[in-house]
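Top to bottom, those sequences are chains U and W.
In terms of my numbering, the first sequence opens at residue 224 and continues consecutively.
In terms of my numbering, the second sequence opens at residue 970 and continues consecutively.
Because the hints were derived from the structure by calculation, they are not lab data.
Among the clues, some could well be false.
Claimed, not checked - Derived EDC-like pairs: lysine to aspartate or glutamate, alpha-carbon spacing no greater than 20 Å straight-line:
1) Lys320/U - Asp335/U
2) Lys1042/W - Glu493/U
3) Lys1076/W - Asp507/U
4) Lys1023/W - Glu306/U
5) Lys1073/W - Asp1043/W
6) Lys1101/W - Glu493/U
7) Lys1073/W - Asp507/U
8) Lys984/W - Glu1022/W
9) Lys1042/W - Asp507/U
10) Lys311/U - Asp346/U
11) Lys1074/W - Asp507/U
12) Lys488/U - Glu1022/W
13) Lys261/U - Glu306/U
14) Lys1232/W - Asp1325/W
15) Lys305/U - Glu352/U
16) Lys368/U - Asp346/U
17) Lys1070/W - Asp507/U
18) Lys1099/W - Asp335/U
Unchecked claim - The following label-pair restraints were derived from C-beta to C-beta distances:
19) Asn979/W - Asp425/U: 22 to 28 Å
20) Gly983/W - Asn534/U: 45 to 51 Å
21) Thr430/U - Asn979/W: 33 to 39 Å
22) Pro515/U - Ala1146/W: 52 to 58 Å
23) Glu1081/W - Ser587/U: 40 to 46 Å
24) Phe421/U - Asn979/W: 44 to 50 Å
25) Gly983/W - Ala433/U: 22 to 28 Å
26) Ala1146/W - Leu399/U: 55 to 61 Å
27) Leu399/U - Ser1151/W: 51 to 57 Å
28) Pro515/U - Ser1187/W: 45 to 51 Å
29) Asn979/W - Gln440/U: 33 to 39 Å
30) Leu1189/W - Asp425/U: 47 to 53 Å
31) Ser587/U - Leu1039/W: 58 to 64 Å
Ideal Cβ positions, reconstructed from N, Cα and C, are used throughout, including at glycine.
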Amino acid sequence: MKFKLNLSSIFSQLLLLFFVILWITPTFGLLISSFRDKDQLAISGWWTSLINTEVSEIHRTKGKNEQSKENEVYFIRGNLFKEDKGKKILSFGVTSKNINAYMVGEKAVLKDKSEIVVFENGDYEWRSENEFKKKKGRRIFITAKSPPSFTLDNYKEVLFEAGLGQAFLNTIAVALPATLIPLIICSFFAYSLTWMNFFGRDILLATIIASLVVPLQMSLIPILTIYNDLGALFNIEAKSFPGIWMAHTGFGLASTTFLLWNFMKSLPNEMLEAAKVDGASHYDTFVRIVIPLSIPAFASIFILQFLWVWNDLLVGLVFLDKHPSEIILTAKLKELLGSYGENWEILTTGAFISMTVPLFIFFSLQRFFIRGLVAGSVKG
Amino acid sequence: MAEIQINSLNKSFGKSRVIKNVSLCIKSRSFTVIVGPSGCGKSTLLRMIAGLEKIDSGEIKIAGKSVNDLPPKDRDIAMVFQSYALYPHMTVFNNMAFGLKLEKKSKIEIKERVKEAARILQIESLLDRKPKQLSGGQKQRVAIGRAITRNPKVFLFDEPLSNLDAALRVATRIELANLHDSMPDATMVYVTHDQVEAMTLANQIIVLSEGQIEQIGSPLELYEKPQNLFVAKFIGSPAMNIIPIEIFTKGINSFGKIGEKLKISLETNFNSSDMGREIYLGFRPENLILSKKDENSFSARVSFVESLGEYALVYASVEGSSSDHDIIAKVLGTPKISKGDQVSFQIQKGKMHLFDEEGKRYVNGKKQV
Ligand SMILES: Nc1ncnc2c1ncn2[C@@H]1O[C@H](COP(=O)(O)OP(=O)(O)O)[C@@H](O)[C@H]1O
Ligand SMILES: [Mg+2]
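The following block holds chain U by itself, in its conformation from the complex (with noise of 0.2 Å):
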C-alpha cells in the first residue's frame, strides 16, 4: 500500500516536471531571443548563445594613409574589432581559401613578404620594408571565441519603431475595463440568483447556462450592425473602445456569472442567514460578506477572462479600427507577420512583450487560488 502510494507521488511529480519543462522551455526561448543579436539569432538556437561560441567573421585592416614609418620599415597598427565586445581571437587567416592558417599570435608572411601578427583582442600589426601602396587595408579571416552577448535593441525597435508599445496600451486599455466590467455587473447578478427570491429566477438560470454553449461567431456580425446603425443614428464612431468593452462584456456574461454562481451558492447557507439575523440587508450581505469571501473566486475569474481578452484577436479586428491608436496587440502581432515575416527578432520580442502581461497577472494573482477562505466558518 505504501509502495503504491510512493509511487504514485513520484509518477505526479515526475509529470509536474514534465510540465514544468515543457512550459519553461520555449518561454525562456523566446525571452533569450528576444534580447540577442538579429544577425545571431538568425544563423543559430537561442540555447547557442549562453555559452562562449566560435564565430567567423571577415575584417579589413587599415590602408596606406595610416602607416607609420619607424627606423625605415612601414607598420599599420589597429584592431580589427569596431568595438570590444570581449571576443577572443583564436586564429586567422589572410586567404578566403583558408581562414584559419595561422595561429593567433603568428606571422603570417604575405606575398609581398611583408608580415602581419593578429593578438588575441583583435590588435594587429603589419610590418613591412617597402611602403604600403593599397588604398584599402586587408582582409583577415578570424575565428574568434565569442562570449554571451544581449541586446534590448530588439525592444526599441519594437516598441517605438514597429508601433507595437502603442498597440500594447490599447491592449490594456481594452482588457482592463473589458475584465472589470463584467466582473462587477456578474458579482451583483450570481448574488441575486443565489440568494434573493424573486419570479422566473430559475428560468434566468437556465436561460444563462444554455447560453454558455452559443458559439461568439455566431452573434459577431449581429453586433456590429447593430453598432453601426446605432453609430449612425447618433453620429459616433461604430467602431471604439466602449464598443469593444461591451461586446467583451456581453460575451463574457454568461461564463462569468455562471462560476460566479457555482461558487456563491457553495457558501455555506446557514453563514448568510446569520447574517440576516444579524441585521444585514442583501447589500450589507452582498458587500460585508459575499464579496471578501468571494475574492479567490474573482481572481481566477479575472485571470480568464482577462487572459481570453488580451489574446482575442477576432473581437478586437472586428470592433476595433486598425489604425495605430486603436489597433490591439495581437492585430499588430499579425500585421508585423505580414510585413517583418524574415525579421526573427521583431517577431520573437513581439511575442514576448505579449506575453508579459498575462504571466505577471497570473503570477501576481495566482496566490488567490489558493482555496480554504472559507474554511473555518462550518464545523470545527
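Starting from the known structure of chain U, arrange chain W with the ligands on it as the hints suggest.
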C-alpha cells in the same frame, strides 16, 4: 417579557408537510427545549420563529406582537446555528460586533458590549483571532457571543452542541444552563434531538414528532406521565419497555395477560366492556426489581447482562403467544445472574404506564384527553 405564542402553524416543502397545525406557548424567561428525532421539523419550526422560513398559515407572536411579516432583525431574536456560521474572514471581535455595526451603534458602545459578552463566555483572549484559528468549542462560544452582544429578548439555539465531542458537550451544556441563569430576562428556545440535553437543560420541553406536538411539559412530567407511546419511548435512557397486553379480568386490580401463560396485575380498574382489549403496558427499566416468584411477578429469560458496577443492564425476553418480547431491566449493584437464567421481575408500585390501542395514555380505566 417575551412570550412566544404560536397558533395553528403550518409549513410544507413542496408536497411534504413538515409542520402540521402546531400551537404552543413558550413562556417568557423559560428555557424551552424542542426535542424530537431527526427530520421531525424542529429546525423548521425554529427557523419560522426566527423569520428565516416563510409561514404557510398560522401565526407567531413574540411578546404579544404578531411577527409573521417581520424580518428576522425586527423580531428581537438572536440565533445560534448548528454549524456556528461564523464569518470566516472576520476576527472574533468583528464577528460579534457585526450586528451592532449594522445597527450603527457607536464605537464605544460596540466595544463595551462585545467585551462584556466575551467576559461572560471567557473568550476575551480570542478577540483578535480568525474563526479558523479556533477549536470547535471556542467557535461555539463565539457563536453564542454573537447572539449575546445583540442583547435580544429571545435566544434561538439549533442543536448547538451536536458538533462537539462528548466531553465538551457535557461541559458546554452546563455552561448554557449557567448562561440562562446569568441572563434571567432572556427566553431561550433550544432545539435538539438528544433527550438527555432536553431533560438536563429545560424547564419546559416540547416533544415534536413528524411535525406534530406529542407533549408539552416539564422534564419530570414527561418522565413520569408520558402522554403517549411516542413520548414514553423517546424520553429516558434506556428506553421504556413496552409490551402489548390483553385485558383479562375486570374490577380493581384487573389482570392483563401476555400470551397464554403470563398474567400481570395492572393496578387499574377496568370495566367489563374493556375485556379482551389489546393495550400496551409500559414500564421503565429502572422500575423493574428482581423478585421472588409470586402473583405480581412475571418471569423472563436472561439473554445478556451488561454490568457497569453501579448498576447492571439486564436484557431479557418475556415469552408471548406469538413472539417473545425483549425487555431491559436496570438493576442496582451487580446481580448474580447470567445468560440463560430464568428470573422473576416485579414492576414497582405505581410505575406502570398503560397506553390504549392508539398509543394514548390510560388513566384509571379512562382514556385521557
Ligand atoms: N428547504 C427545504 N426544502 C425542502 N425540504 C426541507 C427543507 N428544509 C427541511 N426540509 C425537510 O423538512 C423536514 C424537517 O426538516 P428539519 O426541520 O430540518 O428537521 P430537524 O427536526 O432534523 O431539524 C425534513 O424531512 C427535511 O428534509
Ligand atoms: Mg435540524
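Hint check:
In summary, the hint linking Lys320/U to Asp335/U is supported, as the alpha carbons are separated by about 18 Å, within the 20 Å threshold. A threshold of 20 Å between alpha carbons decides the hint, and for Lys1042/W with Glu493/U the separation of about 15 Å falls inside it, so the pair holds. Under the criterion of a C-alpha separation no larger than 20 Å, the hint pairing Lys1076/W with Asp507/U is consistent with the structure, at around 19 Å. Only pairs whose Cα atoms come within 20 Å are accepted, and Lys1023/W paired with Glu306/U is rejected, the gap being roughly 85 Å.
Only pairs whose Cα atoms come within 20 Å are accepted, and Lys1073/W paired with Asp1043/W is accepted, the gap being roughly 15 Å. A distance of roughly 17 Å separates the Cα atoms of Lys1101/W and Glu493/U; the hinted pair therefore holds under the 20 Å criterion. For the proposed pair Lys1073/W and Asp507/U, the alpha carbon gap of about 13 Å is at most 20 Å, so the pair holds. As the CA atoms of Lys984/W and Glu1022/W are separated by approximately 16 Å, the hinted pair is consistent with the 20 Å bound.
The hinted pair formed by Lys1042/W and Asp507/U meets the criterion: a straight-line CA distance of about 13 Å does not exceed 20 Å. Taking the CA atoms of Lys311/U and Asp346/U, the gap is near 11 Å; set against the 20 Å cutoff, the hint holds. Restraint check: the Cα-Cα separation between Lys1074/W and Asp507/U comes to about 16 Å, which is no more than 20 Å; the hinted pair holds. Distance check on the hinted pair: Lys488/U and Glu1022/W sit about 18 Å apart at the alpha-carbon level, within 20 Å; holds.
With a CA separation close to 17 Å, the supplied pair Lys261/U and Glu306/U stays within the 20 Å bound. A hinted pair counts as satisfied when its Cα atoms are at most 20 Å apart, and Lys1232/W with Asp1325/W qualifies at roughly 18 Å. A C-alpha spacing of about 28 Å is found between Lys305/U and Glu352/U, which places the hinted pair above 20 Å, so the restraint is violated. Taken as a hint, the Lys368/U and Asp346/U pair is honoured in the structure, with Cα atoms around 15 Å apart against an allowance of 20 Å.
Between the alpha carbons of Lys1070/W and Asp507/U the distance comes to roughly 11 Å, so the proposed pair stays at or under 20 Å and holds. As the CA atoms of Lys1099/W and Asp335/U are separated by approximately 91 Å, the hinted pair breaks the 20 Å bound. A hinted range of 22 to 28 Å holds for the C-beta pair Asn979/W and Asp425/U, which are about 25 Å apart. At roughly 47 Å, the beta-carbon separation of Gly983/W and Asn534/U lies within the given 45 to 51 Å, and the hint holds.
In this structure the supplied range 33 to 39 Å holds for Thr430/U paired with Asn979/W, their Cβ-Cβ distance being about 34 Å. Taking 52 to 58 Å as the suggested C-beta distance range, the pair Pro515/U and Ala1146/W does not conform, at roughly 36 Å. A hinted range of 40 to 46 Å for the beta carbons of Glu1081/W and Ser587/U is consistent with their spacing of about 42 Å. A hinted range of 44 to 50 Å for the beta carbons of Phe421/U and Asn979/W is inconsistent with their spacing of about 24 Å.
Restraint check, Gly983/W to Ala433/U: a C-beta distance of roughly 25 Å satisfies the suggested window 22 to 28 Å. At about 58 Å, the beta-carbon gap between Ala1146/W and Leu399/U stays in the expected band of 55 to 61 Å. Evaluation of the 51 to 57 Å hint for Leu399/U and Ser1151/W yields a pass: the beta carbon distance comes to about 56 Å. Between Pro515/U and Ser1187/W the beta carbons are some 46 Å apart, a value that agrees with the proposed interval 45 to 51 Å.
In this structure the hint that Asn979/W and Gln440/U lie 33 to 39 Å apart at CB is violated, the actual value being about 54 Å. The hint said 47 to 53 Å for the Cβ distance between Leu1189/W and Asp425/U, and at roughly 50 Å that hint holds. Remark: the range hint 58 to 64 Å for Ser587/U to Leu1039/W is contradicted by a beta-carbon distance near 47 Å.
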